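Peer 1: Sequence:
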Amino acid sequence: MIWYFLALILVGSALVSRRFSLRGALGMAVVWIAIFGAVLLLYSWRHHFMEWGREARTQMPIIADQRAEGQSLRISLAPDGHFWAEGQINGTPARFLIDSGATITAISDGMARQAGLNVDMDGPGVVMQTANGAVTARRSAIAGLTLGPITTNDLPIVVSDRFGEVNVLGMNFLSRLKSWRVERNEMVLEP
Numbered sequence: 001m002i003w004y005f006l007a008l009i010l011v012g013s014a015l016v017s018r019r020f021s022l023r024g025a026l027g028m029a030v031v032w033i034a035i036f037g038a039v040l041l042l043y044s045w046r047h048h049f050m051e052w053g054r055e056a057r058t059q060m061p062i063i064a065d066q067r068a069e070g071q072s073l074r075i076s077l078a079p080d081g082h083f084w085a086e087g088q089i090n091g092t093p094a095r096f097l098i099d100s101g102a103t104i105t106a107i108s109d110g111m112a113r114q115a116g117l118n119v120d121m122d123g124p125g126v127v128m129q130t131a132n133g134a135v136t137a138r139r140s141a142i143a144g145l146t147l148g149p150i151t152t153n154d155l156p157i158v159v160s161d162r163f164g165e166v167n168v169l170g171m172n173f174l175s176r177l178k179s180w181r182v183e184r185n186e187m188v189l190e191p
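The sequence shown: position 63 = 63 (the UniProt record's numbering), numbered continuously.
Hints were generated in silico from the structure; no laboratory data involved. Keep in mind that a hint or two might mislead.
[Stated by the list, open to error] Per label pair, the in silico range of CB-to-CB distance:
1) GLU186 with TYR43: 15 to 23 Å
2) PRO93 with LYS178: 23 to 31 Å
3) GLY116 with ASP65: 24 to 32 Å
Quantities reported herein were computed from a predicted structural model and do not represent experimental measurements. Here a beta-carbon is modelled for each residue, glycine too, at the ideal position from N, C-alpha and C.
Throw the hints in and build the complete structure from the sequences for me.
Peer 2: Here it is, written out as structure tokens:
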């Protein structure tokens with residue numbers, strides 16, 4: 001408490017020795033109080049700003065960075081740590097998460113409708129264990145799936161509305177390739 005009093009005396013004596021007018025001194029004091037108040041407010045809200053920034057980054061669309069080199073396709077690692085690819089399902093543009101931990105390719109319900117896939121609604125559902133828990137899916141197949149220069153036909157898949165908007169390319173797609181590998185921060189797919 002005594003430090004505040006001493007600081008006040010120091011500031012007051014500086015103002016008196018320079019012979020500022022009271023009006024000018026009050027105006028300057030208000031400006032400095034506003035500056036310190038704004039800095040303090042921003043500092044106290046820093047955690048909220050960081051959280052808002054994280055939210056904004058997660059909601060930004062991830063654009064696949066891929067390029068064809070001859071018959072190979074190189075896909076760069078996205079900022080979220082995954083490999084995302086742009087392709088087509090029966091000629092309909094689609095975005096895929098490449099997941100070597102997924103046994104089968106899984107397509108969202110919305111993407112299946114867009115691509116006009118024939119989903120087996122009469123047969124028994126397939127119960128799958130995903131990172132988000134157990135999901136019931138339906139069987140289907142993609143007549144033609146294209147990623148850059150790579151095309152595969154009659155690819156068995158599963159479809160579920162529980163996948164959200166994410167389409168996952170699993171091992172049943174990757175195992176059809178001559179090879180696939182990760183070099184530094186790029187996934188290389190070779191047909």
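Peer 1: Give me the numbers of the hints this structure contradicts, sorted from smallest to largest.
Peer 2: Hint 1 alone not satisfied by this model.
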